[in-house]
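If you're matching them up, the sequences are chains A and B in order.
Oh and the first sequence: position 120 is 120 in our numbering, straight run, nothing missing.
Start counting at 1 in the second sequence, then tack on 137, and there's your number in our numbering.
Warning: the hint list may mix true and false statements.
The calculated lysine to any residue pairs, modelled on SDA-like cross-linking and capped at a C-alpha distance of 20 Å, are [unchecked claim]:
#, chain 1, residue 1, chain 2, residue 2
1, A, Lys81, A, Pro68
2, B, Lys277, A, Asp117
3, A, Lys81, B, Tyr154
4, B, Lys249, B, Tyr154
5, A, Lys81, A, Gly29
6, A, Lys19, A, Arg6
7, A, Lys19, A, Arg36
8, B, Lys277, A, Ser60
9, A, Lys19, B, Pro373
10, A, Lys81, A, Ile21
11, B, Lys249, A, Pro55
12, B, Lys277, B, Tyr154
13, B, Lys249, A, Gly70
14, A, Lys81, A, Ser37
15, B, Lys277, A, Pro104
16, B, Lys249, A, Ser72
17, A, Lys81, B, Asn348
18, B, Lys249, A, Gln66
19, A, Lys81, A, Pro55
20, B, Lys277, A, Arg101
21, B, Lys277, B, Arg428
Calculated from the structure, these hints are not laboratory results.
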Amino acid sequence: MQPTPRIGRWEVGEDGEAKLIASHCRTCGETTFPERSFCPNCRSQDLEEARLAGPATLYSHTVVHQVPAGFSGPMAVGYVKFPGDVIVLGPIDGPPERLARGIPLAVREGTTSVDGDGTPFVTYRFTPVEVGSTRDA
Amino acid sequence: MRDAFVVGTGMIRFGRYPDLLLEDFAADVAREALEDSTADPRGLGIAVFGHSGGGRVAGQRVLRELSLTGMSILNVENACAGGGTALHVGWMAVASGLHDVALVVGMEKMQKGLIPSNPGEYEAALGKTLPAKYALRARKHMDEYGLTPEQLAMVSVKNHRAGALNELAHYQEEVSLEAVLASRMIAEPLTLLQCCPTTDGAAAVVIAGGNAVRRLSQQPVRIAASVITSGRYTNPAKGQLASDDDLATRAGQAAYEMASLGPSEIDVAEVHDAFTIGEILACESLGFCARGDGGRIAEEGVTALGGRLPVNPSGGRLSLGHPLGATGVAQVVELTRQLQGRSGARQVDGARIALAHVQGGSTPGIGTGASTVHILTA
């Protein structure tokens with residue numbers, strides 16, 4: 001049994017929009033996502049939850065054709081920028097040809113892969129706002 | 138610190154050896170390097186082995202085949218920089234005066250396909266494969282500097298052309314620009330022929346200092362610089378992507394300072410081209426060209442055999458192959474032989490100063506875990 005990858009936490013609102021939960025350090029002001037048990041910058045344990053607010057935009061991405069076991073491709077993965085210059089890596093929905101730097105993205109819950117037993121790995125995903133929800137959960 | 142020299146080299150043809158144990162072919166390169174240096178194995182003070190997947194005490198299992206045991210044996214791991222790390226440890230052992238003779242072996246047996254991620258690695262769980270990491274770096278370069286798919290592909294064409302002349306290369310065939318661009322897409326914009334193959338291999342050097350040097354070699358090659366550095370933690374939630382380029386830049390600058398040399402004095406280099414974009418970024422970070430010009434110098438033939446500064450005359454990772462822990466040592470085997478004038482059809486005329494660079498260990502929050510740079514002088 002492998003430990004579960006610490007991809008971070010999120011909460012899903014009634015509208016289906018997910019909010020990523022970051023750590024904000026009360027001592028030095030550093031924001032970290034995924035969350036930490038202590039601040040990687042100043043090592044303070046005085047942390048509070050902070051929700052990353054939109055609008056998020058696509059910063060850089062690639063379309064992965066050779067995928068690891070359990071994933072299905074082609075799939076887009078990239079960096080997404082939140083206000084306040086926060087960058088988060090994640091899987092990106094939508095037809096690859098529609099993806100371009102700067103397009104607005106919504107955060108949704110979805111899956112990236114399935115394990116050997118067919119159990120899906122649940123995570124957050126980024127979806128182009130114009131395309132609407134193409135979550136594949 | 139005193140001067141340390143490469144006094145012996147050994148290397149097998151890189152390829153796939155499903156029927157051989159790691160011990161079998163690694164023992165071959167250790168034997169060859171010791172014979173090349175005429176080193177009396179009894180004078181060996183320390184042996185350092187770089188590998189990522191060799192299992193427990195792999196170095197001892199290799200030297201058992203040569204009845205060479207009882208001295209200090211170290212096994213070191215730093216992913217793609219494991220061989221360079223082993224060299225650095227061997228250099229430290231000799232340059233510090235602790236030992237007069239060190240054996241350094243880089244070795245690896247690879248699985249086919251993608252390199253699996255470390256357990257619990259969250260970027261991999263989100264779909265960022267190792268080729269995707271380099272693809273994102275290529276995309277960034279295209280956005281910022283106008284790097285073209287053709288310039289990227291030219292790195293593969295150039296390195297396969299060199300590899301076709303290297304009897305130790307895994308793939309000894311030239312490839313056309315069209316074939317590189319038309320090969321299967323791995324992670325956009327990187328196609329199959331822009332990604333290193335999965336290759337088994339091993340390489341070894343003997344390093345000596347003090348009175349042992351002249352006794353062991355007619356043509357010792359001086360290690361003018363040996364530098365290892367690690368990637369700096371950068372918080373992506375501060376709008377910073379982990380700065381891989383900074384890693385190679387820092388390693389290069391420290392090496393130039395140690396050797397009292399500059400990039401314009403390098404005659405030949407081996408750099409980390411696990412993916413085509415890797416060579417382009419390394420050339421820029423090591424000061425072979427201005428930032429943003431790495432694609433142009435590949436396209437214009439500056440870094441080809443016969444160019445002003447041949448890069449990856451061995452065929453590089455793309456053609457020679459990239460057995461993780463073996464690579465850093467294989468680069469120094471290639472460059473030592475270049476400086477000794479033993480490289481046949483690939484010989485860089487008049488080469489006197491050479492540079493080897495590896496980096497590896499894709500790590501969330503750090504980017505790349507380790508980089509080593511070695512500068513060798515004839």
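In rising order, the numbers of the hints this structure does not comply with: Of the numbered hints, 1, 2, 3, 11, 12, 14, 17 do not hold.
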